[in-house]
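Produce the complete structure using the sequences and hints provided.
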Amino acid sequence: MNGLPVVTSDVTDVLERWRPANWNKSDLRTLEALLPAVRGWVRQTEPSDAAKTRRLLLAASGIAVWALRSFGNTDPTVVFHPSNIEAWTMTVCSDKSMRWRETTRSRLRAMGRVVNPDGWPSPTRQVGRQQIAQPYKPVEERVFRLVGGLPGGATRRQRLWIVCGSLGAGLRGTEIAACRTGDLENIADGRLAVRVRGRHPRLVPIRADYTDLAQAAISASAKDRLVFPDSGDVVHTTARRLRPALSFRRARSTWLVAHLTAGTPLGVLRRVAGPVALSTLDELLPFAADAVDDQTAALKALGA
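Heads up: the sequence shown begins at 709 in the working numbering, then just goes up one per residue.
Check each hint, because a few of them may be wrong.
Stated by the list, open to error - Derived DSS-like pairs: lysine-lysine, alpha-carbon spacing no greater than 27 Å straight-line: (1) Lys760 with Lys733; (2) Lys931 with Lys804; (3) Lys733 with Lys804; (4) Lys760 with Lys804.
Claimed, not checked - Okay, the calculated beta carbon distance ranges per label pair: (5) Arg905 with Pro744: 56 to 66 Å; (6) Arg899 with Gly857: 14 to 24 Å; (7) Glu991 with Asp721: 53 to 63 Å; (8) Gly898 with Leu974: 25 to 35 Å; (9) Arg905 with Arg737: 56 to 66 Å.
The hints are simulated quantities; they were obtained by calculation from the structure and are not laboratory data. Computed from a predicted structure; not experimentally measured. Where is the CB? At the ideal position from N, CA and C, for every residue including glycine.
As structure tokens, this is what we get:
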């Protein structure tokens, strides 16, 4: 093997002859100059048959024309950037059915991992049940806030609230699903808190960096629903489909470390966190201690 993509004669014929149906003349003229690049992207994915080749050509052609007109650029790092795929399929193509948009997005994401591998992070490593879930780094949190706030799509409201409820309030999946807009309360100086109901009722302040996401989720909500249907399955499925995928265990660890770093007293933290094992806090304390130097630690310890 010479390392080149393997294509069948049927696939090759489709690559050479295919043109989109029902496109207007302006779009077809724009596409004509882009077809060599589009064909190259599809070849790299090594489609197994002619039908799959046509579907990939159509998806790649549509986003390529949009990228050229929007950014003046059809480099694969631009065309197949995760946020651009999300924006094109969910916002620009909002006149299409949700099934069409989700299917097209899935195809483009698969292509993106092949033609723009550096633009797609590795899948989230599953954390073993006996291991402490590593907190997310600040730069990773910023990515999740960006992904949660991306425009468009029927799941935007859920994305906003899932990122906010997990990283901003340390909630579990079932708690995120059960919350309604009426459970979000103003508590002080524009800060919000979420009233958690169920087995472990409590009032949890949302971290300052996530206030905007919480307000956006409220604004985007129809009636009082933040997640529809309000089930844990929907929450976990949506979290897995974020790019990068979101781990609720790592998000909760991140939230706990943020409070430990900020000096939230353990008794207060236990009240707002709900059940949390002392062994978990013990394993997370080093992450908080790393953010405090000896002099600061000594000064804060003068209360005894």
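Provide an ascending list of the numbers of those earlier hints which the structure does not satisfy. Checked against the structure, no hint fails, so every one of them is satisfied.
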